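Those protein sequences? They're chains A and W, same order as listed. For the first sequence, the numbering used here assigns the number 1 to the initial residue and increments by one for each residue that follows. For the second sequence, the numbering used here assigns the number 1 to the initial residue and increments by one for each residue that follows.
These are calculated hints, taken from the structure and not from any lab test. Nothing here was measured: the structure is a model prediction, and the numbers come from that model. Here a beta-carbon is modelled for each residue, glycine too, at the ideal position from N, C-alpha and C. Errors might be hidden in some of the hints.
Which chain A residues stay away from chain W? Per the calculated CB distances, all over 12 Å, these [to be verified]:
{"hint": "1", "residue": "D56"}
{"hint": "2", "residue": "G153"}
{"hint": "3", "residue": "P167"}
Below, a list of computed lysine-lysine pairs in the DSBU-like style, where the Cα atoms sit at most 35 Å apart [to be verified]:
{"hint": "4", "chain 1": "W", "residue 1": "K235", "chain 2": "W", "residue 2": "K258"}
{"hint": "5", "chain 1": "W", "residue 1": "K278", "chain 2": "W", "residue 2": "K235"}
{"hint": "6", "chain 1": "W", "residue 1": "K107", "chain 2": "W", "residue 2": "K177"}
{"hint": "7", "chain 1": "A", "residue 1": "K185", "chain 2": "W", "residue 2": "K110"}
{"hint": "8", "chain 1": "A", "residue 1": "K97", "chain 2": "W", "residue 2": "K136"}
{"hint": "9", "chain 1": "A", "residue 1": "K185", "chain 2": "W", "residue 2": "K181"}
{"hint": "10", "chain 1": "W", "residue 1": "K136", "chain 2": "W", "residue 2": "K110"}
{"hint": "11", "chain 1": "W", "residue 1": "K352", "chain 2": "W", "residue 2": "K278"}
{"hint": "12", "chain 1": "A", "residue 1": "K185", "chain 2": "A", "residue 2": "K97"}
{"hint": "13", "chain 1": "A", "residue 1": "K97", "chain 2": "W", "residue 2": "K107"}
{"hint": "14", "chain 1": "W", "residue 1": "K177", "chain 2": "W", "residue 2": "K136"}
{"hint": "15", "chain 1": "W", "residue 1": "K136", "chain 2": "W", "residue 2": "K69"}
{"hint": "16", "chain 1": "A", "residue 1": "K97", "chain 2": "W", "residue 2": "K110"}
{"hint": "17", "chain 1": "W", "residue 1": "K110", "chain 2": "W", "residue 2": "K192"}
{"hint": "18", "chain 1": "W", "residue 1": "K184", "chain 2": "W", "residue 2": "K136"}
{"hint": "19", "chain 1": "W", "residue 1": "K184", "chain 2": "W", "residue 2": "K69"}
{"hint": "20", "chain 1": "A", "residue 1": "K185", "chain 2": "W", "residue 2": "K177"}
{"hint": "21", "chain 1": "A", "residue 1": "K185", "chain 2": "W", "residue 2": "K107"}
{"hint": "22", "chain 1": "W", "residue 1": "K177", "chain 2": "W", "residue 2": "K192"}
{"hint": "23", "chain 1": "W", "residue 1": "K69", "chain 2": "A", "residue 2": "K185"}
{"hint": "24", "chain 1": "A", "residue 1": "K185", "chain 2": "W", "residue 2": "K136"}
{"hint": "25", "chain 1": "A", "residue 1": "K185", "chain 2": "W", "residue 2": "K192"}
{"hint": "26", "chain 1": "W", "residue 1": "K184", "chain 2": "A", "residue 2": "K185"}
{"hint": "27", "chain 1": "W", "residue 1": "K181", "chain 2": "W", "residue 2": "K352"}
{"hint": "28", "chain 1": "W", "residue 1": "K192", "chain 2": "W", "residue 2": "K136"}
{"hint": "29", "chain 1": "W", "residue 1": "K235", "chain 2": "W", "residue 2": "K184"}
{"hint": "30", "chain 1": "W", "residue 1": "K258", "chain 2": "W", "residue 2": "K278"}
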Amino acid sequence: MRRRRFFTWLRQPGVLSAMPATLFLTVGFIGPLVMVFAYSFMPPRTFSLAQAPTLDNYFAVIHESYYISFLWSVWLASLTVALLLLICYPIAYGMAKLFGKWANLVTILVAVPLLISENIRLFGWVLFLLKKGILDGTMQAFFGIEMPSLLYGVPVIVLGLVYVYLPFMLFPLVIGISMVSDTLKEAASDLGASRWQIFREVELPLAMPGVLIGAMLTFILALGSLAEAKILGGQAVIMLADDIESAFTFAQNWPRGSVLSVLMIVFSGGLIFFLFRRIDLDRLLGGR
Amino acid sequence: MKGEGETPFLQIRDLVKTFGDFTAVDGISLDITESEFFTIVGPSGSGKTTMIRMLVGMDSPDSGDIMLKGRRLNDVPANRRPTCMVFQSLALFPHKTVGENIEFPMKIAKVAPAERRRRADLLLEQLRLPLSYYDKGVNQCSGGERQRVALARALAYDPEILFFDEPLASLDFRLRKTLEKELKDVHRETGKTFVYITHSLEEAMVMSDRIGIMRDGHMVQVGTPAEIYNRPVNKFVAQFMGEVNTIEVTRAGDNTVKSLSGDMVYTVAGDSFDRFEKGFLVIRPEVMKIGPAAEALPNRLAGTLFNDYALGSRIQYQVRGADDSTWLVEKLQDNPFDGTLGDSVTIGWQPKDSILVMD
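Extracted from the complex, chain A is given alone in its bound form (with noise of 0.2 Å):
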């Protein structure tokens, strides 16, 4: 009885087309996240999940000095989202409101780079930079300056990471800045508000879900990132990613990688819970 409601439940044609996408994403995403929770439960260096749960990982991690890296990653992330806010929000303003139609081509310009593969874009930034590299080398030869070498150092991974992810705070603003009215601006002036005045009291609150959106995007991944701080940044800094992958493959500690994993999903995870709770999207869209 009960088998066959569940057939008759699953001969529906909502749930029948929603099959494919459910099972993609059950063994894509869900099943490699329930691997992880459940190796970092598992004794060090030990490659099977038929052994008795253990939390030696967990205490051996907050032993260790991984909160250095920790530490790194946020703060990197923390200054390519405030960076980003900086440089993004001119240009979407500019690609919202004023561009016309040259806001397509720039548009085009900053998404035609995302089709190449990352890594490349990074090394291509490297020779660029490069000691004799293109840089160097041009202003050796037309104005006889000798350029510091500027490869391997936190300046430059902060150049990477707000290279790398700058279409993905820049769209959402886009898209954020564009849902403001004009005629709201022009009402706040009309009722004495100053450019200052209505960019606080109008423009940005009502900006605020394309800013909070790109501002999560970026933050999650360059939290996650490694290959800016590995290619341009010659391990001057290690990132969380970083000391993951590691322990993934050089350590060969998959229950270490594990728990890193864990504690950076959680902590991820935790800050968008925490924002989306203290931030109402629908009071700032105004549909409460």
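Based on the hints, put chain W in the right spot on chain A.
Showing chain W alone in chain A's frame:
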């Protein structure tokens, strides 16, 4: 209220605004007195919105002057002008509550929170909104309530002149009628100068002390509602009020005109006839008589009844004259005339009830 010889409160001189090849406002001069309810009426594209946008400072004129109490406002930006506008869309801030919306101009002016709250409550009371609405989201308010919030917010700015850009246009008929009267009350209570724009002359008549009719960037006629109604300067103004009979005529003799289409001769009242050569004879449907009542009138013609419309308090007939002209005639419900379609009827009017206009 409108004393002669007084220094004008708001003086507009030769105001011009062009957009590319299009001249939206073409040299308008206008004086508006203090505490007046002045309405600018015009069809869409007549330049009335451009006009008001220049007056509040959202557009700058190509040439001409805007003077408030003798001070030139042209180069004063919108946020520094002592004027304020209620937008067609109302432009309420969707992320703020009713109270925050009303307090906005006071917050900008750095009024202390307690004083802001006190004045917001007063405004809510004045506009007959419950005090509990202070914490309500603006999107939870009904159309009429939103109108009142927008008006309260504009009044909170304490402007010298309040401008209105057709704020009632999107409301249903009954609510619009209520709010027109409320607005007139608010005008009387506050004693502020109101400048209102609308495409409905009927709406303007209800509320205004004076009306300015705009067409193609020009001010065609300025006058009290009675002047506009009784002495329109041209066919455009006469037709703007609603359906009227207009007949193209030329001067025929003393106190008579001849229709161009059918060589009918009509008598007109003498006072409007001095310099008249050719133009239009305008007769409103409600002054036309039909049936026995028309038989003894100096101006009358025979025709066929071919349509009737119930307008509620009145019935409107369409009559086709012998010369194939079409006439609108209205009678009150209690008028005993009772015609059926196809009937031959006589229609007519008193000479004093017609209006002669040049173009």
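Hint by hint, which ones does the structure fall short of? The structure breaks only hint 15.
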